[in-house]
Structures are given as structure tokens and as C-alpha cells.
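Number of protein chains: 2
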Amino acid sequence: MNITHYQAEVLKTLGQSTRLKIIDFLRLGERCVCEIFPAIGEEQSNTSRHLNMMVSSGILFRRKEGVKIFYALKHPEIMEIVDLATLIMTREITGRHSLLQAA
Amino acid sequence: MNITHYQAEVLKTLGQSTRLKIIDFLRLGERCVCEIFPAIGEEQSNTSRHLNMMVSSGILFRRKEGVKIFYALKHPEIMEIVDLATLIMTREITGRHSLLQAA
DNA sequence: CGATTATATGATTATATAGTCATATAAACA
DNA sequence: TGTTTATATGACTATATAATCATATAATCG
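Chains A and B are the protein sequences, given in the same order. If you count by numbering that gives the first Met the number 0, then the first sequence holds residues 0 to 102, one letter each, in order. If you count by numbering that gives the first Met the number 0, then the second sequence holds residues 0 to 102, one letter each, in order.
If you're looking for bench data, these hints aren't it; they were derived computationally from the structure. The C-beta atom is built at its ideal place from N, Cα and C for all residues, glycine as well. There could be a bad hint or two in this list.
Where chain B lies over chain A, by a calculated footprint (3+ residues, C-beta under 8 Å) [what the hints assert, rightly or not]:
| # | segment |
| --- | --- |
| 1 | 19-33 |
| 2 | 79-92 |
The calculated lysine-lysine pairs, modelled on PhoX-like cross-linking and capped at a C-alpha distance of 25 Å, are [to be verified]:
| # | chain 1 | residue 1 | chain 2 | residue 2 |
| --- | --- | --- | --- | --- |
| 3 | B | Lys63 | B | Lys73 |
| 4 | B | Lys73 | B | Lys11 |
| 5 | A | Lys63 | A | Lys73 |
| 6 | A | Lys11 | A | Lys73 |
| 7 | B | Lys11 | A | Lys11 |
| 8 | A | Lys73 | B | Lys11 |
| 9 | B | Lys63 | A | Lys11 |
Work out the full structure, taking the sequences as your base and the hints as a guide.
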């Protein structure tokens, strides 16, 4: 097990569209599963799996309150990473677009 | 195809240990395949596949010079993302460690 | 206690991915 | 032209992943 394996774990966790939708929604703050899955338009069971996976990867906090389980972003850097990825993506898309226009 | 699919493409590309090794090596600057695969200790064919994949994801530049193909990081933000992931990872590992000590 | 609500999980399926080996392509050079 | 060197790719295998459906667990409340 290399150091890159641990780095990869964090980044791989962020590199999936359902999980990105969850992260985006959790920018608003702590939310329970019952709020998250309708907000992102995924099944309860699938959402639950991704949430648990993100806790294991060290990306989310989990807090229990009665029947409800609340999840929240654990590190502000997660939002920074997503924002940087958005920036790269935007630059790539406009770049490809201007190449298409030039052709 | 959602916007999160494109973000995920960038982040998923970064979330794999062989590719992280390549990215780490390319911090030194532009390098050809013949330098990259021995440096990261992977097969030529596997390295080539990852390099091509990273070009498709918009993460690397490719430049041809004679028989050699040179690859380089395309966006400085890629290094920022990797560094932020390292930070999160480090914080997680030390956090888990202090929890173990407390137990 | 029985019903309801919130969440997690087992089993399964379809798909994606990484890696390997052998081989193809293509430039350079004797 | 034939050989060498650098890179890419086809075919294949093993493994991982996401999603779904049905069901289990566990807290709450009448």
C-alpha cells in the first residue's frame, strides 16, 4: 500500500456523479438521508450506500439524532477540490469549443 | 449527461494510484513515455494507456518530437487538487491515529 | 405491543476499469 | 532497405463499482 493509494481513495470518492450531487447539496450544511435522497433524485438505498462509503473515505461526518442520521462535509477542502475541478472542466469545455469554432 | 458527469470525469481521472504517480512525476515538467514508465515502475503499455486516458480527460498535454511523445500537466490546478487531497488524507490518518491512542 | 418511519444491507446484475501479453505502427538511422 | 527504438492498441482476464429490489434493523409513537 503506497501513499498514492490513500490519496486516490479521497479523489476517487469525489469522482462519481451521484456523490458529487450529494456533496453539492451538503454545501448548504448538515442534512439527513431523508432530505438528501429526494434532493438529488436517487433511491434511498443507493444514497445510503454512497453516504456510508463517503464516511469510510473520511469525507463526511455522521451524527445520529433519534431515527434520523445526519451527514455533513468534514473538510472545507472538499469544496475547494470540487471547485477546482469545475474550473478545469469549464476551461476544457470552452477550450474545446473555441477549437471547434476555429476549425 | 449532467454537469456532475464532467466534474466526475476530471476527479475520477485523478483518483487512481498509477495516474497519481504519473502526475507526481510530471510535476518536474514535461517528460516522454520512455522516462515516465521506468520512473513510476509500471509497464510501458499500461503507462501509455493511462497517459492517453489523461489526455482525453483534459488533464495532460501531448507533444510529439520524432519518435518520442512528451506529456505534461495541462492545468496548475491539478497539483492544487492533489495537494488538497494529501492534506485531507494526512488529517484523516493523524485523526484516526489519535483516536486509536485515546482508545 | 403493533404500526410507522428512517436508514442500512444482502443478493444480484450490468458495466467499467486496470493490468498483462503480444503485436502493430511509425520514426530514425546504419 | 532492414533494424532498432518509442509508443499505441487489440484481446483478454480479474476485479471493482453502481444501481436495484427486497428485506432487515432500530427508533418513535399511538
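Taking the hints in turn, this is what the structure says about them:
With 3 residues having a beta carbon nearer than 8 Å to a beta carbon of chain B, the segment 19-33 of chain A meets the requirement of three or more and the stated coverage holds. Given a C-beta distance limit of less than 8 Å, the hint that chain B covers the segment 79-92 of chain A holds, as 12 residues qualify and 3 suffice. At roughly 15 Å between alpha-carbon atoms, Lys63 of chain B and Lys73 of chain B fall within 25 Å of each other, so this suggested pair holds. Proposed proximity of Lys73 of chain B and Lys11 of chain B is supported: the alpha carbons are some 16 Å apart, at most 25 Å.
The hinted pair formed by Lys63 of chain A and Lys73 of chain A meets the criterion: a straight-line CA distance of about 15 Å does not exceed 25 Å. Simply put, Lys11 of chain A and Lys73 of chain A have alpha-carbon atoms about 16 Å apart, close enough for the 25 Å limit, and the pair holds. Restraint check for Lys11 of chain B and Lys11 of chain A: the C-alpha separation of about 5 Å stays at or below 25 Å, so the hint holds. Taking the CA atoms of Lys73 of chain A and Lys11 of chain B, the gap is about 20 Å. The hint holds against a cut of 25 Å.
As the CA atoms of Lys63 of chain B and Lys11 of chain A are separated by approximately 30 Å, the hinted pair breaks the 25 Å bound.
Of the numbered hints given earlier, the model fails hint 9 alone.
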